[in-house]
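Enquirer: Now for the letters of each chain:
Protein chains: 2
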Amino acid sequence: MISGRTTLIAHLGYPTESFRAPMIYNPWFEECGIDAVVMPMGVKAEDYAAFLRPLFRLSNIRGALVTMPHKVATIGLVDEVSTAAAIAGSANAILLREDGSLLADMFDGEGFVRGMRRKGRDPRGARALVVGAGGVGSAIAASLAGAGVGALGLFDIDGHSAAALADRLARHYPALEVAVGQRDPAGYDVVVNATPLGMKPGDPLPVDVARLGPDCFVGEVVLTQEITPFLAAARERGCAVQVGTDMLFEQIPAYLEFFGFPSTTAEKLRQVARIRY
Amino acid sequence: MISGRTTLIAHLGYPTESFRAPMIYNPWFEECGIDAVVMPMGVKAEDYAAFLRPLFRLSNIRGALVTMPHKVATIGLVDEVSTAAAIAGSANAILLREDGSLLADMFDGEGFVRGMRRKGRDPRGARALVVGAGGVGSAIAASLAGAGVGALGLFDIDGHSAAALADRLARHYPALEVAVGQRDPAGYDVVVNATPLGMKPGDPLPVDVARLGPDCFVGEVVLTQEITPFLAAARERGCAVQVGTDMLFEQIPAYLEFFGFPSTTAEKLRQVARIRY
Numbered sequence: 001m002i003s004g005r006t007t008l009i010a011h012l013g014y015p016t017e018s019f020r021a022p023m024i025y026n027p028w029f030e031e032c033g034i035d036a037v038v039m040p041m042g043v044k045a046e047d048y049a050a051f052l053r054p055l056f057r058l059s060n061i062r063g064a065l066v067t068m069p070h071k072v073a074t075i076g077l078v079d080e081v082s083t084a085a086a087i088a089g090s091a092n093a094i095l096l097r098e099d100g101s102l103l104a105d106m107f108d109g110e111g112f113v114r115g116m117r118r119k120g121r122d123p124r125g126a127r128a129l130v131v132g133a134g135g136v137g138s139a140i141a142a143s144l145a146g147a148g149v150g151a152l153g154l155f156d157i158d159g160h161s162a163a164a165l166a167d168r169l170a171r172h173y174p175a176l177e178v179a180v181g182q183r184d185p186a187g188y189d190v191v192v193n194a195t196p197l198g199m200k201p202g203d204p205l206p207v208d209v210a211r212l213g214p215d216c217f218v219g220e221v222v223l224t225q226e227i228t229p230f231l232a233a234a235r236e237r238g239c240a241v242q243v244g245t246d247m248l249f250e251q252i253p254a255y256l257e258f259f260g261f262p263s264t265t266a267e268k269l270r271q272v273a274r275i276r277y
Numbered sequence: 001m002i003s004g005r006t007t008l009i010a011h012l013g014y015p016t017e018s019f020r021a022p023m024i025y026n027p028w029f030e031e032c033g034i035d036a037v038v039m040p041m042g043v044k045a046e047d048y049a050a051f052l053r054p055l056f057r058l059s060n061i062r063g064a065l066v067t068m069p070h071k072v073a074t075i076g077l078v079d080e081v082s083t084a085a086a087i088a089g090s091a092n093a094i095l096l097r098e099d100g101s102l103l104a105d106m107f108d109g110e111g112f113v114r115g116m117r118r119k120g121r122d123p124r125g126a127r128a129l130v131v132g133a134g135g136v137g138s139a140i141a142a143s144l145a146g147a148g149v150g151a152l153g154l155f156d157i158d159g160h161s162a163a164a165l166a167d168r169l170a171r172h173y174p175a176l177e178v179a180v181g182q183r184d185p186a187g188y189d190v191v192v193n194a195t196p197l198g199m200k201p202g203d204p205l206p207v208d209v210a211r212l213g214p215d216c217f218v219g220e221v222v223l224t225q226e227i228t229p230f231l232a233a234a235r236e237r238g239c240a241v242q243v244g245t246d247m248l249f250e251q252i253p254a255y256l257e258f259f260g261f262p263s264t265t266a267e268k269l270r271q272v273a274r275i276r277y
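Chains as they are written, first to last, in the UniProt record's numbering: chain A, 1 to 277; chain B, 1 to 277.
Careful: at least some of the hints might be erroneous.
[Unchecked claim] Pairwise CB distance ranges (calculated):
| no. | chain 1 | residue 1 | chain 2 | residue 2 | range |
| --- | --- | --- | --- | --- | --- |
| 1 | B | 223 | A | 265 | 41 to 47 Å |
| 2 | B | 50 | A | 118 | 25 to 31 Å |
| 3 | A | 97 | B | 17 | 19 to 25 Å |
If you're looking for bench data, these hints aren't it; they were derived computationally from the structure. From the three backbone atoms N, C-alpha and C, an ideal C-beta is built for every residue, glycine too.
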């Protein structure tokens, strides 16, 4: 029940029609008796810079969820960015701090890592291959680095993207062994598809699945279907897999903590959410 | 259920804690299956001008409810103002039109007049006395003029306010007979208290009730109690009365029409509202 005491979490992006977060957060807030609401606000790219600071002058706002097309622009508009957001070069969350300053963070990678851990896989010391060095791939690489992987392989069809990501990682994690430019999954403990491959029927697989080890943990970012052809092939090889929506739901407790709300688990959020995947 | 397709009606004011509109509009929208939500936004006076235009660039906003302390400032920040808002010198609603321009309107007076009509009193040709020439008194005077009263008496302890209101009325309704500076209710068909008198125990009555005619229709803007001492005294004289919350609820159908939503009646809104007065 929205009132004048309700805390506003803005959901900033454009177009808004496909937003899922309101149907995840708001039923959860209601379930827990938390007087807060996620409100979609359709902000076009050209309007974002002029809107952001006035928005955060509101007396009842706590933060924002940030989505397309503002994830990259956010980095340049806030007062401080987390390490994960700095490496990813993009952010999907903004917190208004007590002193009025804005902190941006990026939770896609955190969602991936939390999901891994809850499936019993500790990233610490593991060898991980991230295929796709765009926003989400960069975020996953950053979080895997933060979680202590022993070695990281990066591949992108745009070789410059992967090299630039390796440079950003090296600045924050100088001791981490980073290899760039090949996508052979042999010898890796963790392999992640962070490309759009799998969204369209007939897409090639992101890596040669015949070279996946059976103990490899295989993750996916594609959300259009739970078991993509890549995950199906990995399962046939005997690999444990993580679907795209796991990354989505696993990061929401991280968001809740970031905003200062009581945390919960991805499972509980899935049970209460009013949207099915 | 808020989603990415939900239409936003911003509720702009500061502080927000006492906002009532969300508990009136949102249950009504839910009842009717209208996918819209009134969202309180605490905007301080010094932030209002910088926030308003960027807010109305949002792709999913339709309009705003405007309250303290922005009712006067709104007049200077929009593209067009209604006659009622121009005379009142303040606005409590903003509509984003198809062409991106902003229209401001003022519905306090409209609520008063609609309430009168629904109680069987036609303002047309009536002699009306408005005591208090501040924002709400000016709005009531403007709407009574628009509804065709035959003569209007205006009184304010600040004589300049009443004279300035008379000037603004004369510009829009040059044929209307306006008398300024006395508050003797004798001979009036309609008498309105548009001062804060009645909010505090021991306040003097706004007019000499002994001089109210028994057929006089007596209205009140004070919201802190339904039957103020002034209304109680008027009832004892045999007068028909209109309570402050009638003006509030009667203007909401006007707001709904202004925003392009299906209209309804004040009674239905009262039944569904999650707040009691």
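Enquirer: Taking the hints in turn, state whether each one holds.
Expert: Against the structure, the hints:
1. For the pair residue 223 (chain B) and residue 265 (chain A), the supplied restraint of 41 to 47 Å holds, since their beta-carbon distance comes to about 45 Å.
2. Hint check: residue 50 (chain B) to residue 118 (chain A), Cβ distance near 44 Å, so the stated range 25 to 31 Å is violated.
3. The hinted window of 19 to 25 Å between residue 97 (chain A) and residue 17 (chain B) holds, with their beta carbons roughly 22 Å apart.
In this structure, only the earlier hint numbered 2 is contradicted, and the remaining ones agree with it.
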